Amino acid sequence: MLSQDKTDYTYSRSPSYSLDVNSDNNMDNYDVPFMSRRSYKASYVPSVTPHSRMPPKDTASSRRRSARLAAQNGEDFPDQSVSTQFSSHATIKPSQVRPRSVDPAMGRAKVAPRSLRGRRSTNQSGLFSENDYGREEQSLTHLYDLQKIVTNDQEVWDMIKLNVSPRDDYKPFLIVTGLDEFDDTELSELLGDLLKQKPAEAVGIDSVIVVDNIPQVGQDRISKLRNVIRKIFSKYGEITTEHYPEENGKTKGFIFLEYDSHDHAVQAAKNMTGYKLDKSHTFSVNLFLDFDSYGNIPNDWVPPEKQNFVDHGNLKSWLLDPDCHDQYSVIYDGGETTAIFKNTPTEGVLVEARKRWTETFVRWSPLGTYLATMHQKGIALWGGEKFVQIKRFAHQGVQLIDFSPCERYMVSFSPILSTSDEPMAIIVWDTRTGYKKRAFHCETASQWPIFKWSPDGKFFARLSTDVLSVYETPSCGLLDKKSIKIPGIKDFSWSPSENILAYWTPEAKDNPARVTLIEIPSRKELRVKNLFNVGDCKMHWQLQGDYLCVKVDRVTKSKKVQSCNFEIFRIREKLFPVDSVEIKDGILAFAWEPVGSKFCVLHGEPPRVSASFYNIKKNANIELLKTMEKKQANSVFWSPSGQFVVLAGLRNMNGYFEFIDSNDMTVMNSREHFMATDVEWDPTGRYVVTGVSWWSHKVDNAFWVWNFQGKLLQKCARERFCQLLWRPRPPTLLTKEQIKEIKKNMKTYTKQFELKDRMSLTKASKEQIEKRQKLLADFQTLQEWLEQTYESQKEERMSLRGGLDTDNFDSNFEELEDEEEVEFFLGEEITEIDEFEYE
Amino acid sequence: MWDLETGKMLAELEYGSAIRTCGFSFSGNNIMTSTDRTMGKSCEIQFYDIRDGSQLQNNEPYQRLSSPDSKVTSAVWSNLDKELISGHDNGAVCLWDLKTGDILQEVEEHRKGVNDIQLNRTGQLFVTASKDTTAKLFNATTLQYLKTYKTDRPVNSASISPLKEHICLGGGQEAMDVTTTSARVGKFETKFFHMIFEEEFARFKGHFGPINSVAFHPDGKSCSTGGEDGFVKINYFDSQYFEFEFEV
Chain A
1 MLSQDKTDYT YSRSPSYSLD VNSDNNMDNY DVPFMSRRSY KASYVPSVTP HSRMPPKDTA
61 SSRRRSARLA AQNGEDFPDQ SVSTQFSSHA TIKPSQVRPR SVDPAMGRAK VAPRSLRGRR
121 STNQSGLFSE NDYGREEQSL THLYDLQKIV TNDQEVWDMI KLNVSPRDDY KPFLIVTGLD
181 EFDDTELSEL LGDLLKQKPA EAVGIDSVIV VDNIPQVGQD RISKLRNVIR KIFSKYGEIT
241 TEHYPEENGK TKGFIFLEYD SHDHAVQAAK NMTGYKLDKS HTFSVNLFLD FDSYGNIPND
301 WVPPEKQNFV DHGNLKSWLL DPDCHDQYSV IYDGGETTAI FKNTPTEGVL VEARKRWTET
361 FVRWSPLGTY LATMHQKGIA LWGGEKFVQI KRFAHQGVQL IDFSPCERYM VSFSPILSTS
421 DEPMAIIVWD TRTGYKKRAF HCETASQWPI FKWSPDGKFF ARLSTDVLSV YETPSCGLLD
481 KKSIKIPGIK DFSWSPSENI LAYWTPEAKD NPARVTLIEI PSRKELRVKN LFNVGDCKMH
541 WQLQGDYLCV KVDRVTKSKK VQSCNFEIFR IREKLFPVDS VEIKDGILAF AWEPVGSKFC
601 VLHGEPPRVS ASFYNIKKNA NIELLKTMEK KQANSVFWSP SGQFVVLAGL RNMNGYFEFI
661 DSNDMTVMNS REHFMATDVE WDPTGRYVVT GVSWWSHKVD NAFWVWNFQG KLLQKCARER
721 FCQLLWRPRP PTLLTKEQIK EIKKNMKTYT KQFELKDRMS LTKASKEQIE KRQKLLADFQ
781 TLQEWLEQTY ESQKEERMSL RGGLDTDNFD SNFEELEDEE EVEFFLGEEI TEIDEFEYE
Chain B
1 MWDLETGKML AELEYGSAIR TCGFSFSGNN IMTSTDRTMG KSCEIQFYDI RDGSQLQNNE
61 PYQRLSSPDS KVTSAVWSNL DKELISGHDN GAVCLWDLKT GDILQEVEEH RKGVNDIQLN
121 RTGQLFVTAS KDTTAKLFNA TTLQYLKTYK TDRPVNSASI SPLKEHICLG GGQEAMDVTT
181 TSARVGKFET KFFHMIFEEE FARFKGHFGP INSVAFHPDG KSCSTGGEDG FVKINYFDSQ
241 YFEFEFEV
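As you go down the protein sequences, you meet chains A and B in turn.
Once you know that position 121 of the first sequence is 121 in the UniProt record's numbering, the rest is easy, because the numbers rise by one and skip nothing.
Once you know that position 64 of the second sequence is 64 in the UniProt record's numbering, the rest is easy, because the numbers rise by one and skip nothing.
Among the clues, some could well be false.
[Claimed, not checked] Where chain A lies over chain B, by a calculated footprint (3+ residues, C-beta under 8 Å):
1) 119 to 128
2) 201 to 209
[What the hints assert, rightly or not] Cut-off 27 Å, straight-line C-alpha distance, at most; resulting in silico cross-link-like pairs (BS3-like, lysine-lysine):
3) LYS131/B to LYS698/A
4) LYS99/B to LYS771/A
5) LYS715/A to LYS744/A
6) LYS150/B to LYS763/A
7) LYS71/B to LYS771/A
[Stated by the list, open to error] One side only, chain B facing chain A, incomplete, derived with CB under 10 Å:
8) VAL76
9) ASN79
10) ASP81
11) GLU83
12) ILE103
13) LEU104
14) LEU143
15) LEU146
16) LYS147
17) ASP152
18) SER161
19) LYS187
20) HIS194
21) PHE197
22) GLU243
23) GLU247
It is worth saying that the hints were derived from the structure and are not from the lab.
These numbers come from a predicted model, not from an experiment.
Note that beta-carbon positions come from the ideal geometry of N, C-alpha and C, so glycine has one too.
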């Protein structure tokens, strides 16, 4: 079929590459419909598997004609008579017939279908000595992109599509025979563009791995070794070639393996490094390409260029505001615009506004130094007085971000799957240098943050099955080089003030559920608390790390939630005593007073929700301060400075707010911001912002600013308002004594501030009045002009209405005017009486 | 057309499509109507002289003006029978010269359709009410834009007080969206703005559907509102309204 009688002879002249389609040299096994068209001799043989999907029309005759035409080829060549043959089997993938290897000496490439490679060895740039491919080069065929040649002839192309392309994802190939009659120049003229696609020498080399630390064996045991190795390594894909270099009759102790694809080789190299074959043989596996690249490292080390220090100005400039006004970021216009405002008692003063500053949301760093904006390509940090860009962190498809409490490190997450073996999902960055510290794999970020930071930023930890991995900075390596094994560990949490970690494990066999406190880095267990009938645990630290509350859902044997316990750990007292508070209702919310010893629990079933306040007394029991019933609330927001708390009924509770003073348990104010979705306290606890975010509710997007007592200060309606975040403040630099001193002299300070506030208020109203006066003056000129023209048109108006003057509404109602006169008269009388009495 | 004293119908005009607006001229001698774009006809404004009975009887207006690009959603006579101001569904406001039939001036201050146009007492200023949640004040002679009154719901109607420098406007969530939301979200409120300062100083509730029409009484002491809920409410102002003055 493929003119076998003509094969095997003109290889050296053929600059093109050939396709070994048939290992058995028996193309007649294939049923190939025949078609003769134009001046090329081309056979299309896209398949090696003899499954005929379309029965040939006339196999016998096609064979005959094919043979005849093949015979004519020699004579017909000047006229370029052609036999184009199409196969009906189109089950071959381009990857299967991909040109695999090149023999530079022969100046051509061979292509072998996968099924042949087991028996065949590819000559990988002289890497392997074995060579037994002689048998296969039976047919001289040239591989071309079918489409390029025949698309000019619609009829032919239709035929091809009909015959060969039952599946679109298989790129059809065309094999042209007999091109050996051309010489090189003719060929490049004819098919120049195709010759350019000739594969380079390096193709296929990327699937080779080098395995080191293989047992050195003699000839007698080599086949056994091969079997063992093949068994181990074929887990990662089909091994197409293997090579065992020998020396003095013994293997050298390293081998080369070629996989059928690069991905498989990468997988093997990644997973098999460190594989223990036996006591003395631990595999070391590398990609062959890596040897190349490491070999090419230049000998002279060039010291990196010294980078100039870039001064971004004072990054803490916003703290120098003379009136201590806090800043907040607002995203509105449905995410189009991001702006920074300064909050003053009367209005938000714009500091900076930019279009498309972020693509999704923004985050402030924990101490307020940086503003992080999220982009498809990564994260940008902004700061300084004018919000200049400070650093950029390239992380494709980044979605989530987290900072270490000290701001020194940043963690970002992207769900985009990495294509290389390098982890890309989670990256730990150094915020100051912008360098990537370490990257981790991660499938989902359903529980963000995945890495939780210790309060000083020295450690960060991550939970996986039965293991808690604690990493240390700045190396970002595992603490003591190993994770902590905790069978069944469900959740953990850092203390916000010390390097103490709390975690819990559920009941298992005979062991009860446990809440454990350990100290890092010593890993010393500080306290273990056994719990029974545990369904679930939630850990809440008080912000100062004084207390830990573990909310325990108690279940019956049938896994039904029965009641709820709060186990309160007193961290500052000896031996960490634990108190328990039980609440029979369902729990809606729990919140610690950030500074202080109180906590608030919302419990019950909506709409009958109660809010209970508890206080922890030193060396005494926990006392219930008050239970407030029938509250319309589903969230609790404590002021950052304690004492004041907002009970909020967000979203489906219509945005109902109660402002409570927890010192005397009074409700200072009950107000409503209809459909509010968010509540944000400012970092000083002076203001509260409630907002209706466009992200969750599409109408009436606005944020309202209240003071801590629940007095509404401002209503800021912004079109498609999305998010408001207060800029955090770093902890105060004042010592405890200084704070005490200030509290003592509060009265003198209050006077100063009250004066200041009053002045700013009068200033504001003065400005308002000035504005009105200006508007009035501007309008005055127009009004004068209007009056003049109105007068001038009086005649015209009267003529249009038949001579009547209708300018004044009252003109025809004389009685009405009379009444007014009477009133005036009475007024006069009264004055007279007054005078009379005086006399 | 009706006789107000007797309640007798004087004339009936048939059109192929819905009538959007109608109005008497200053003299009361002419009337104007405008039709929708539907039924294959483009939007048109017709003018009749009612002194000529045949015009009304045979539905033969003495003048027709067509607005092919946008629909006329509101219109008033202006400049003493000589001009017409029309508001369009694309937010444009046009001033027509009725002698020539040309558009003298066109402004596009609104982003969405103009629902209502009302003149002030002297006919020299007019206020537009638009779906884009604002009402705007214009000079009727020059079509110069003067002031904006912002709300957070579509404005269906706005009126200028003949007594004080006040604007009254009404609207609310569009009728088609109302069923999907609670009455509180609809904000069917009548609001009062100072005409020059653009500041809102009062509002009252009372309707449970969008307010389609507001109007001051010619004496400026009361105002009436008509809503989608089927009610027309007449609201008399209390003494505080008359005493209230902005601090200047």
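We went through each hint and held it up to the structure:
1. 119 to 128: holds (count 4)
2. 201 to 209: violated (count 0)
3. LYS131/B to LYS698/A: 17 Å, holds
4. LYS99/B to LYS771/A: Status violated; Cα separation ~42 Å.
5. LYS715/A to LYS744/A: 35 Å, violated
6. LYS150/B to LYS763/A: Holds, at about 25 Å.
7. LYS71/B to LYS771/A: At roughly 38 Å apart (the allowed maximum being 27 Å), LYS771/A and LYS71/B break the hint.
8. VAL76: 16 Å, violated
9. ASN79: At 9 Å from the nearest chain A Cβ, ASN79/B passes the 10 Å test, so the hint holds.
10. ASP81: 6 Å, holds
11. GLU83: 13 Å, violated
12. ILE103: 22 Å, violated
13. LEU104: 16 Å, violated
14. LEU143: For LEU143/B, the interface hint is violated, since the closest Cβ of chain A sits about 14 Å away, which is over 10 Å.
15. LEU146: Since the shortest Cβ distance to chain A is 7 Å, the answer is holds.
16. LYS147: 9 Å, holds
17. ASP152: Hint on ASP152/B: holds, closest Cβ of chain A at ~6 Å, below 10 Å.
18. SER161: Since chain A brings no Cβ nearer than about 12 Å to SER161/B, farther than 10 Å, the hint is violated.
19. LYS187: The hint holds - LYS187/B has a Cβ within 10 Å of chain A, the shortest such distance being about 8 Å.
20. HIS194: 9 Å, holds
21. PHE197: 5 Å, holds
22. GLU243: 17 Å, violated
23. GLU247: The hint holds - GLU247/B has a Cβ within 10 Å of chain A, the shortest such distance being about 6 Å.
Of the numbered hints stated above, those contradicted by the structure are hints 2, 4, 5, 7, 8, 11, 12, 13, 14, 18 and 22, listed in ascending order.
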